[in-house]
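*Asks:* One letter stands for each residue in the lines below.
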Amino acid sequence: MGEICVTLTDIEGSVVEIEDGAEGETLMELARRHDVKGIIAECGGACSCATCHLYIDAAWSAAVGTPDPVEEDMLDMVEDIRRPTSRLSCQITLHPGLDGLIAEVAPEL
Amino acid sequence: MTIVRDAANDDTQARPGPEGEDARLVEEATLLDPVVHKQPRRFYAAMRKLDPVHYDAALDMYLVSRWEDIQTVQRDPLTFSVNKGYHTQQAKGFAEEFQQILREKGGGYFPDAIMSDPPYHTRVRKLMESAFTAHRVKDLEPRIEAVVDGLLAELADKGAMDAVTDFAQPLTIRIICEQLGLDWSIKDRIARWSTAVTAQIGRMQDREEMLGHAAQICELQRYLIAKMREREADPREDMISDIVHARDGEGEGSVLTFEEAVSLIRALLIAGNETTATALSNLVLILATEPAVAEMLRASADDDRLMNRFVEELLRIEPPVRGLSRMTTKEVELGGRMLPEGAHLLLLYASANDEPEIFPEPRRFDMERKNIMKHVSFGGGVHKCVGLALARMEIKVAARLLVRKFADVRLAIAEEDIAYLPTVATRSMESLPVTFTLND
Ligand code: HEM
Ligand code: FES
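Chains as they are written, first to last, in our numbering: chain A, 1 to 109; chain B, 1001 to 1440.
Keep in mind the hints are simulated off the structure, nothing from the lab. Treat the hints with caution; some may be incorrect.
Said to hold, decoys possible - Computed list of lysine-lysine pairs in DSS-like fashion (alpha-carbon distance at most 27 Å, straight line): (1) Lys1049(B) - Lys1038(B); (2) Lys1126(B) - Lys1138(B); (3) Lys37(A) - Lys1126(B); (4) Lys1330(B) - Lys37(A); (5) Lys1126(B) - Lys1038(B); (6) Lys1138(B) - Lys1187(B); (7) Lys1049(B) - Lys1370(B); (8) Lys1187(B) - Lys37(A); (9) Lys37(A) - Lys1384(B); (10) Lys1330(B) - Lys1370(B); (11) Lys1396(B) - Lys1187(B); (12) Lys1138(B) - Lys1049(B).
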């Protein structure tokens, strides 16, 4: 079923094209499935580790949306590597509106 | 103040001393020495500088003192095995007798399923995470507030308390009981059970003590098994039910075995207690000895962002877990040193958190650090603390309500007289008598 495509730049700068994103799975889960380097996801998606951090491409930022308060608190604590379009990928649930999404994995903590 | 001490602001302790003195420390000191044990920061700093992966002969362990090397270990769970590291420490010296007692009188010997390596660990961890569901974590705040409020109200009129035994321990125990769905009347037993279980990891226990602890663990297991049977038949909204009924996918391995489930529930009951109670005791100590930090907390109490940062910095500056162990599964280089297969490592979180290159002025309590999450007090990699959201929330709520309700918290004993528990695993005070007044 999964037909959502995303393009991620991993921490080493390699571009990873993924074509089997499934509606309802998180972007973190999808990235882990494909072993995208730099998405570590230590907390397993509980929004409490910030090791699934990525920068959403500016053109996609509006479609992805802004972090909720819990995610905001977590991003606040990685201020040194935070950018305006920072998101935690475990908090982004895929849906057809995100088909074509582009993002870059943030450096490790 | 001229007392040389290890807590909070004393920056000299985090920095290396004179060359000769450092060399002597690295040469002669051991974590087993009670003096070093109580104030280890100078020793840590000397190791970081001169011998970052240092062999402590008395402990027969390699002490890993640098952030970078700890990170390397955490990111490679197959080379640096928790399974081997942990089970070698278990009831050191008496393993067989210990296991036999548990089989005969404790319903079985249930090796810690979570103290394992991938891929087995991956499966167990995922099933365990189901006990920390999003809505349970979200529910935490008001329920924790009610518990803390109740406890503070009981203490308020007294004007004095032992921050460890009257405040930190009962608080964490009440909360974990509530989360697990256990009857709160067992509170006194939990403290004993906790000590007995933790003693198997860090402590140098003699046979006599081992027998006492084994009896406690038997009692604990019989109690938990009975509760699990109840929840098997009649699931409720609690963590025991979640673990007993946890499922991931279909077929073999999609549920936990009974042995695994007992060990996980035991781990949840124990792992969260000593650690979180230690963090809360450290909170009270810092409020009593660092007026500037107390003031900072008072000014932050109504701001959630600041409170989150306060908690992280508290955990960084005084990590409750001193160090956890790993064992190498092959010959490997770490921090410039060749380690043989079977080398036993201790990861020194407090040392990594003190590295001035990462945390400038490390002994300064600074809530505005831009990289505040870089501390390793919750470990890292696949074994990173599974209870961290619960722990953070407990500390946050306790700190906020404490500072709102109590004022002028002061030590009732001299700071040098604070005694620490003789375990390598946590750095916990035995007792912390304080006095306080009430805010109007
Ligand atoms: C301030 C409080 C706490 C601190 C400082 C702390 C610290 C840690 C650390 C350092 C580890 C990593 C172990 C390793 O790498 O070998 C860990 C793991 C763990 N913690 Fe915590 N912890 C705290 C609270 C809790 C709570 C409240 C719970 C449960 C309710 C909990 C349950 C666990 C479990 C089950 C593991 C093993 C995870 C695994 O190996 O996958 N902890 N904790
Ligand atoms: S996986 Fe931990 S915050 Fe996203």
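*Asks:* Between lysine 1126(B) and lysine 1038(B), is the straight-line Cα distance small enough, at 27 Å or below?
*Replies:* Status violated; Cα separation ~37 Å.
*Asks:* Does lysine 1384(B) lie within 27 Å of lysine 37(A) when you go C-alpha to C-alpha?
*Replies:* 18 Å, holds
*Asks:* If you draw a straight line from the CA of lysine 37(A) to the CA of lysine 1126(B), is it 27 Å or shorter?
*Replies:* OK: lysine 37(A) and lysine 1126(B) at ~21 Å, within 27 Å.
*Asks:* Lysine 1330(B) and lysine 1370(B) were given as a pair; does the straight-line alpha-carbon distance stay at or below 27 Å?
*Replies:* Since the Cα atoms of lysine 1330(B) and lysine 1370(B) sit roughly 37 Å apart, the hinted pair is violated (cutoff 27 Å).
*Asks:* Assess, step by step, whether the Cα of lysine 1330(B) is no farther than 27 Å from the Cα of lysine 37(A), and give holds or violated.
*Replies:* 25 Å, holds
*Asks:* Is lysine 1126(B) close enough to lysine 1138(B), meaning Cα to Cα at most 27 Å?
*Replies:* Roughly 19 Å separates the two Cα atoms, so the pair holds.
*Asks:* Are the Cα atoms of lysine 1049(B) and lysine 1038(B) separated by 27 Å or less?
*Replies:* 21 Å, holds
*Asks:* Is lysine 1187(B) within 27 Å of lysine 37(A), Cα to Cα?
*Replies:* Distance of about 45 Å is beyond 27 Å: violated.
*Asks:* Please verify whether lysine 1396(B) and lysine 1187(B) have alpha carbons no more than 27 Å apart.
*Replies:* 22 Å, holds
*Asks:* Check the hint pairing lysine 1049(B) with lysine 1370(B) against an upper bound of 27 Å on the C-alpha distance.
*Replies:* Judged against 27 Å, a Cα distance of about 25 Å means the pair holds.
*Asks:* Measure nothing beyond the straight line between the CA atoms of lysine 1138(B) and lysine 1049(B); if it is 27 Å or shorter, mark the hint as holding.
*Replies:* 43 Å, violated
*Asks:* For a C-alpha distance cap of 27 Å, please report whether lysine 1138(B) and lysine 1187(B) respect it.
*Replies:* 25 Å, holds
In summary, the structure is inconsistent with hints 5, 8, 10 and 12 from the numbered list given earlier, while agreeing with the others.
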